[in-house]
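*Asks:* The chain contents come next:
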Amino acid sequence: MDLTLYVWRQSGPASAGRLEEYRAKDITSDMSFLEMLDVVNAELVRAGREPIAFDHDCREGICGMCSQVINGVPHGSREKTTVCQLHMRRFRDGDTIYIEPWRAKAFPVIKDLIVDRSSLDRIMQSGGYVSAHTGGVPDGNAILIPRDDAETAMDAAECIGCGACVAACPNGSAMLFAAAKVAHLAKLPQGRAEAARRVCVMTEAMLKEGFGNCGNHYECQAACPKGIKVKFIAQLNREYIKAHLKDGRDT
Amino acid sequence: MILDGKCPSGPIAGKWEKHRHEMKLVSPANKRKYRIIVVGTGLAGSSAAATLGELGYNVEAFCYQDSARRAHSIAAQGGINAARNYPNDGDSVYRLFHDTVKGGDFRSREANVYRLAEVSGNIIDQCVAQGVPFARDYAGYLDNRSFGGALVSRTFYARGQTGQQLLLGAYSALSRQARAGNVRLYPRTEMLDLVVIGGEAKGITVRDMVTGKIRCHAADAVCLCTGGYTNVFYLSTNAMGGNVTAAYRAYKRGAFFANPCYTQIHPTCIPATGDHQAKLTLMSESLRNDGRVWAPKIRGDRRPPQEIPEEERDYYLERKYPSFGNLAPRDISSRAAKEVCDDGHGVGPGGRGVYLDFAGAIERLGEDTIRQRYGNLFEMYERITDENAYKQPMRIYPAPHYAMGGLWVDYNLQSSIPGLFVLGEANFSDHGANRLGASALMQGLADGYFIIPCTIAHYLAQTRPDAVSAGHPEFVRSVEETETSIKRLLSINGRKTVNEFHRELGSIMWEHVGMTRSRESLENALRRIPELRAEFRENVRVPGREEDLNQELEKAGRVADFLEFAELLARDALYRDESCGSHFRVEHQTEDGEAVRDDANFCHVAAWQFRGADKEPELHTEPLAFENVRLAVRSYK
Ligand SMILES: Cc1cc2nc3c(=O)[nH]c(=O)nc-3n(C[C@H](O)[C@H](O)[C@H](O)COP(=O)(O)OP(=O)(O)OC[C@H]3O[C@@H](n4cnc5c(N)ncnc54)[C@H](O)[C@@H]3O)c2cc1C
Ligand code: SF4
Ligand code: FES
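Chains A and B supply the protein sequences, listed in that same order.
Start counting the first sequence at 375; every next residue gets the next number (the working numbering).
Start counting the second sequence at 33; every next residue gets the next number (the working numbering).
Chain A extracted, bound-state conformation (with noise of 0.2 Å):
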């Protein structure tokens, strides 16, 4: 198939950008999204132009590298599914697509379709661990974990903090994000001990970082590859209210 793309060229953080025109020809319907991209900078590099600048990595659809977003949604329209995972048997023969980075006050251009998301990680530094010391722990079975509980924090440890739940929501939000780690700890005895502080020290984080407010539109639900809910996001609210009233403080 033969599609038009336009595709986001911004050649640095300080630089304008805008959208251009490119053909991307004989695409098959097997190739990846990303395979259908490589076969376009092929041509680009061909011509002596520079190609498309786009992260990914482990094209699996796990490391959360790859951020792309497609006809205005982050990581396209299928559900659950990175940029990295989608076929091109999604799209038809004629089509026209945009490709933008993410975009959000906390996520600068780097380049092109790559963006800054370093403020992710700020926010884990922040707090988004359990202060365990190499050696001198339990034996892992020493504290049984009831199967639901272990499964419930598994939900929320899929996140693979790509940053679409932010992308997707209008006031760039990283709540969706910072919710799936206070859940995951909070679910086990492990990461109880810690709960209270953990919670306020990245909400407050989240805010330093620029990231926006919650406004409870659930776009960063339907956005999210790995289908993190935003029920995770009303237990961290519950969290936060017993970290407050614990201290005393006001929320």
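Source of the hints: derived by calculation from the structure; they are not laboratory data.
Backbone N, C-alpha and C fix where the C-beta goes; we use that ideal spot for every residue, glycine too.
Among chain B residues calculated to face chain A with C-beta under 7 Å, some are:
1) 83
2) 160
3) 162
4) 207
5) 242
6) 273
7) 529
8) 575
Put chain B with the ligands on the given structure of chain A with help from the hints.
*Replies:* Just chain B with the ligands, lined up with the frame of chain A:
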């Protein structure tokens, strides 16, 4: 030269304990004065950097992705081994040790493997403490599954995302240390050179992948945790950025490269569909717990699998290896698949595939149980192939997956350059000629959490901290050389893309240095690789600028190294005139196609020393002694 692995003396079970006692320590107040560079933030790198940071060292950690959390360890699906014997099925430290030595076809170092088995249990405890949500049974106990090459259930898992959860655990420990100021993180930074001063590793030269700036980092020791080199085959299960660059450039600075020909081909991957294919996707080996592998008995049978009656199916693994059946080790399963396909029984496009069938398991256990166990894998399969594996068998084919070979290290994980330590898949140490499933995650975390903190202290205690600064002439020289080679790549301005070269190299490697090798095929490869390399140097086109984010330039540097390294790999395969584990030389096989080792001549590690750009490398060997596991013919029948 005969290399000394520096294994402690005494009975195997007491070696590590004794060694830990004998090693020197760095006092708590002095640790701050030492700077340690950790390149790579996969399981090995993250666990090492976090633990060294906790101990109080000054750590700098580098990776090429935009976040430490995205290292390719994240993609590991199946699980991690530990000798815990929770299911009470007869496992022990000794059995894990034994299985690993045997699985590696008697080409690994006993002392290292024993230590690995010994610390395996601590890894699980550590991960649980960090909040890794391992699978649990209804009573709340940790659950186990079985994996290829073992008759016990010792594999711990977190759905089909074990690597992800373990890495996120290590990354969280790393984040904590970053917050505490003990670790400084440098994402989107690629190591391009190792700096050796006075015979010791004293730093690295890197390229900032956003600005293109080349700069140096000086340190008192360097840990390379940069993963495997399987992308030398172009198509593999590794991440797109997987490279040999860091290890190869260390090799060029004097680190010996050991057993590069030991490369693992994984039996259960989704078959390629065409030339556009950029990488291959693994279907976890854990699927072989419940899936049965078969091919049609009739050559070229084009009927849909459901229409092929039971008696016309060849469950060739069960037939050939009755005791291990579908759980035969990877090298054996992969070769068996290639054989049936070469013999005309393959299915799918080009006849390059066999079936992995869950119909029986679904009937026995119900679709829900199968979904619970492998749901995400079935989904992934459906996304890529558009086929529903609950309704029809998966099609699978072997693909390059893992590098057992790597930089040579001694028992302390120190390379042949003092001060340069190598951890995880980047070293050669524990898996011999074939790695068993669920053992790489174990090794990466063992190296990072438990081994390097002890052994690096022993080295540092004998080193003056802060001995050199990044202004040293060797650093200046390294920066100049790196800049020159980048400028050269950008100035060639030829007609072929970097990818075209990489793909051609991959097809030479897969064809001639792949699952089966012969003197003839290897000599052929050794003729063609240098030709392709020469063409690359004249005819590659790398667009864009040096001081910019330039992904084609990044790739070009990696492919340039693969084009040199491939020759070393083929040379090693030619040298090793025997079959062992994943290294299968057609000249050395039994009548029914099993590998035949030559213990009289090759029971050793082959470690290569760089001798100059167009000179042959020099071979050093480290003899392997088997004092605890009897050197025997490996049998899985
Ligand atoms: C698809 C797949 C599934 C697997 N499943 C399993 C399993 O179930 N069980 C199991 O035990 N093993 C499994 N393995 C193997 C296992 O995942 C790897 O061997 C292991 O994770 C490697 O860890 P590592 O820390 O050595 O390297 P990696 O995780 O590969 O990390 C390499 C790090 O080095 C960095 N790096 C590389 N080069 C440079 C450079 N030049 N400059 C700067 N940084 C650099 C990268 O950024 C990255 O941070 C699997 C492997 C694959 C590919
Ligand atoms: S919550 Fe979902 S969309 Fe957001 S970062 Fe995690 S995986 Fe990506
Ligand atoms: S490239 Fe890793 S998730 Fe898409």
